[in-house]
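Colleague: Chains as they are written, first to last, in the working numbering: chain H, 1 to 535; chain E, 536 to 739; chain F, 740 to 834.
Don't read these hints as lab results, they were simulated from the structure. Here the structure is a predicted model, which means the values were calculated and not measured. Note that CB positions come from ideal geometry on N, CA and C, so glycine has one too. A hint or two may mislead.
[Said to hold, decoys possible] 30 Å max Cα-Cα, derived DSSO-like pairs, lysine-lysine:
1) K620/E to K803/F
2) K345/H to K424/H
3) K810/F to K197/H
4) K746/F to K700/E
5) K643/E to K710/E
6) K115/H to K643/E
7) K623/E to K746/F
8) K518/H to K803/F
9) K746/F to K552/E
10) K345/H to K507/H
11) K552/E to K197/H
12) K619/E to K700/E
13) K552/E to K810/F
14) K280/H to K424/H
15) K746/F to K810/F
16) K115/H to K700/E
17) K19/H to K424/H
18) K810/F to K710/E
19) K710/E to K115/H
20) K518/H to K494/H
21) K803/F to K619/E
22) K746/F to K619/E
23) K507/H to K424/H
24) K115/H to K810/F
25) K650/E to K810/F
26) K620/E to K810/F
27) K803/F to K700/E
28) K810/F to K619/E
29) K552/E to K803/F
30) K345/H to K281/H
31) K746/F to K710/E
32) K643/E to K810/F
[Said to hold, decoys possible] Computed, partial: chain F to chain E, Cβ under 8 Å:
33) Y751
34) L762
35) S768
36) L785
37) K791
38) M800
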Amino acid sequence: MAKLDTPALEQSFLNNHGKNPIRAWLFSTDHKRIGILYLLSIGFFFLVGGLLGGLMRIELIAPGETIMDPQTYNGVFTVHGLIMIFLVVIPGLSAVFGNFFLPILIGARDVAFPKLNLLSWWLYIFGAILAISSQFLGSGAPDTGWTFYAPYSTETGSNVVLAVFSAFVLGFSSILTGLNFIVTVHRMRAPGMTWFKMPLFPWSLYATAWIQVLATPIVGVTFLMIVAERLFQIGFFDPSLGGDPLLYQHLFWIYSHPAVYIMILPAMGVVTEIIPTFAKKHIFGYKAIALSSLAIAAVGYFVWGHHMYTAGMSGTARWFFSFLTFIVAVPSAIKVFNWVATMHKGSITVRTPFLYTLAFIFLFMIGGLTGLWLGALATNVHLHDTAFVVAHFHYIIFGGMGFAFFAGLHYWYPKMFGKMYDEKLANVAFVIIFIGFNLLYFPLFIIGMQGMPRRYADYLPEYTGGHFWSTMGAIVLITGALLMIYNLIIRTRKKGTPAEMNPWGGKSLEWTLESPPKEHNFDEIPTITENPYNY
Amino acid sequence: MAHSNPLLEHRDDEGAKIGMWIFIFTEILLFGGLFLVYAVFRNQYSEDFHTAAFELNAFVGTLNTVILLCSSATVAMSITAVLKKDRKTAMILLGITLVLALVFMVNKYFEWSHKIHEGIYPGSELMADLERGELLFFSLYYFMTGLHALHILIGMTILTVILFKVRNGSVNDDKIVLLENGGLYWHLVDLIWIFLFPLLYLIT
Amino acid sequence: MDDKNKKHITSYQTYGIVLVGLLILTFISVGVTWIELGPLTVTVALLVASVKVFIVLTYFMHLKYDSLFIKLMVAGIFILFAVIIVITFLDYWFR
Ligand SMILES: [Cu+2]
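Whole structure, please, built from the sequences with the hints as guidance.
Modeller: Structure, rendered in structure tokens:
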């Protein structure tokens with residue numbers, strides 16, 4: 001890893017103390033090292049998934065076949081979804097920053113079950129290997145989309161079993177992380193840190209952890225049923241075996257809608273940490289933000305049916321799900337209001353993490369509001385399965401979770417690695433990424449409304465303009481992302497300056513530690529007397 | 536990689552227990568997904584479920600219920616024994632639990648092989664001729680009892696490990712949380728069966 | 740660790756009585772199937788099963804002596820599952 005050339009690095013957790021570095025990293029139970037293992041592996045899969053997305057965009061640059069045939073395209077969007085959902089955004093923030101900062105923020109030396117934590121990283125890698133090998137082994141790459149809808153997934157000749165089983169393993173890894181975090185938050189808070197003195201990132205991780213624990217098993221058993229259906233002809237979903245394909249959709253979305261909150265809640269938590277630091281102001285509505293995380297987790301569990309409006313559900317179920325979908329928007333909106341109110345009359349310094357945070361709020365609002373268009377019954381029927389949906393969830397997942405991830409990365413980077421990156425270059429990369437992102441996804445809203453279906457390798461000529469600009473956006477976005485990676489990895493390694501303990505003037509506990517922290521975080525466990533945002 | 540720092544000698548039995556309970560919740564919801572499938576299909580095909588359930592041997596089902604309940608009691612008693620520092624009784628009780636679990640599996644084996652012998656198994660020609668609901672009932676029967684049997688095997692492995700730890704004293708009246716958690720897991724297996732039993736065998 | 744020395748020990752007898760109770764309930768639910776109750780059969784079977792589960796949770800799984808937090812969590816799980824069933828059936832009942 002980083003070269004140990006400063007005294008702070010000498011006694012930091014990054015120092016291997018002469019042990020075999022591979023063993024010292026791959027079998028470390030230190031939550032900080034596990035967080036960095038996740039960062040590297042998730043970063044890698046993000047690049048792979050992004051590359052696949054780029055290939056899809058190139059195929060779509062003009063009507064007709066450009067670089068791949070439709071079957072390959074089906075395979076590519078399936079892998080893109082599988083990797084991005086199960087390997088990148090679901091573990092994403094909680095596995096990287098949650099692992100690294102949850103214990104620190106609550107004044108603990110590690111998570112409750114450090115060995116289990118390491119196990120869940122290994123399960124993640126095992127699941128990742130299965131997911132990747134499903135593309136090459138057996139009878140061809142899965143072509144079902146990441147949703148594995150039955151009966152196609154039980155009948156297609158492609159290698160669905162391995163892909164589905166990999167998702168099962170990854171789910172298990174996610175459950176173990178969630179379990180670990182719940183117990184950590186309950187049992188390991190520093191003396192004096194009551195629930196309402198806990199910072200808001202841990203709050204959001206806590207709510208997320210409950211969803212991970214309570215929603216994942218349902219999709220786990222559903223995936224097992226798909227495996228049983230393919231291997232043993234136990235037909236729960238395939239009508240020709242007596243089953244009910246709509247039941248699959250219910251079971252799948254019982255997990256997969258809450259999964260959206262597994263992605264976005266920690267993102268909201270990161271943003272909530274960043275805003276007060278740069279506005280130099282106490283967070284507005286602390287309790288409302290804390291409790292709205294729980295409210296989102298609770299209500300978000302029961303809205304899964306809004307993915308199934310056109311599938312043939314009963315009218316009663318449709319209005320019920322539509323109604324609850326609108327309800328769940330309320331706590332999200334509460335958070336947005338609170339963030340804006342925190343900035344109001346603050347003394348704001350605009351630094352790189354804050355730029356990403358502002359972009360997050362902007363993009364998340366577009367994603368969230370278009371989500372209401374889709375959550376409403378009447379408009380959904382028109383927009384269902386169009387590129388509009390693709391644009392909507394990329395605004396939420398990439399514009400929301402992704403930008404929050406970049407915000408967190410730039411915010412905590414000096415703490416994690418003890419070095420400061422080139423901020424000017426980081427800002428340039430931000431601008432390029434932001435422009436590229438909007439150029440890539442905004443046109444999809446428009447052609448989606450005009451009727452461009454999703455998951456099609458080809459299209460009618462009238463959609464050419466939108467697709468062309470979207471592909472241009474992809475190129476810009478990838479350029480910006482590469483610049484960011486260059487800045488954070490290569491340039492900082494050579495030219496990064498040693499980071500201070502508290503480069504942004506934050507008030508939470510991580511800023512009381514050295515950059516990077518010592519192996520056991522705290523020499524002495526702190527006693528907490530006040531709220532974490534007292535500016 | 537083992538930390539020798541005394542500051543990190545962290546032990547939290549209550550935390551371990553909460554962790555185990557949360558794991559049990561995930562198991563309950565794992566089977567919960569299956570119970571949901573059962574509920575939906577039973578609601579649609581209650582007549583077929585009714586006739587199909589006649590095919591299952593309620594006697595074997597009842598016998599297995601009794602066996603599992605007894606094994607749950609012996610695990611619970613083994614905790615009492617360890618707390619009373621009666622290591623020998625604890626080992627005997629855990630041994631009985633394992634034997635009962637084995638008997639359960641043997642019963643299950645004969646039950647399944649009998650059904651398969653009759654030609655009722657997923658993918659068989661006979662199954663394809665059944666009513667839709669009957670087909671689903673047997674699919675559920677195999678999947679649910681199969682997954683449950685898998686949990687029995689996992690539970691047996693865990694309890695075997697614990698038995699050895701009781702023997703060498705690393706589980707004792709002061710450090711008992713491992714046995715308690717293993718016991719919780721075993722009771723969970725029992726809990727699932729308590730619902731499976733009436734839903735599969737008693738709806739005739 | 741605070742409760743290390745006052746750990747509650749349940750006696751063998753208690754477990755014995757609980758086991759006998761559970762067995763009796765099992766035989767009751769088997770016996771009920773011989774009485775013609777129509778659609779009520781399933782209801783009775785599930786009711787008895789719920790009572791059994793409650794007993795297993797309380798005594799075998801030691802919930803009676805556990806913290807309120809654990810009790811609430813367990814109750815929450817069963818409520819959650821019930822709500823999932825009801826919401827799914829909003830679809831199936833009203834098709
Ligand atoms: Cu959704």
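Colleague: Of the numbered hints stated earlier in the document, which are not met by this structure?
Modeller: 5, 6, 8, 17, 25, 32
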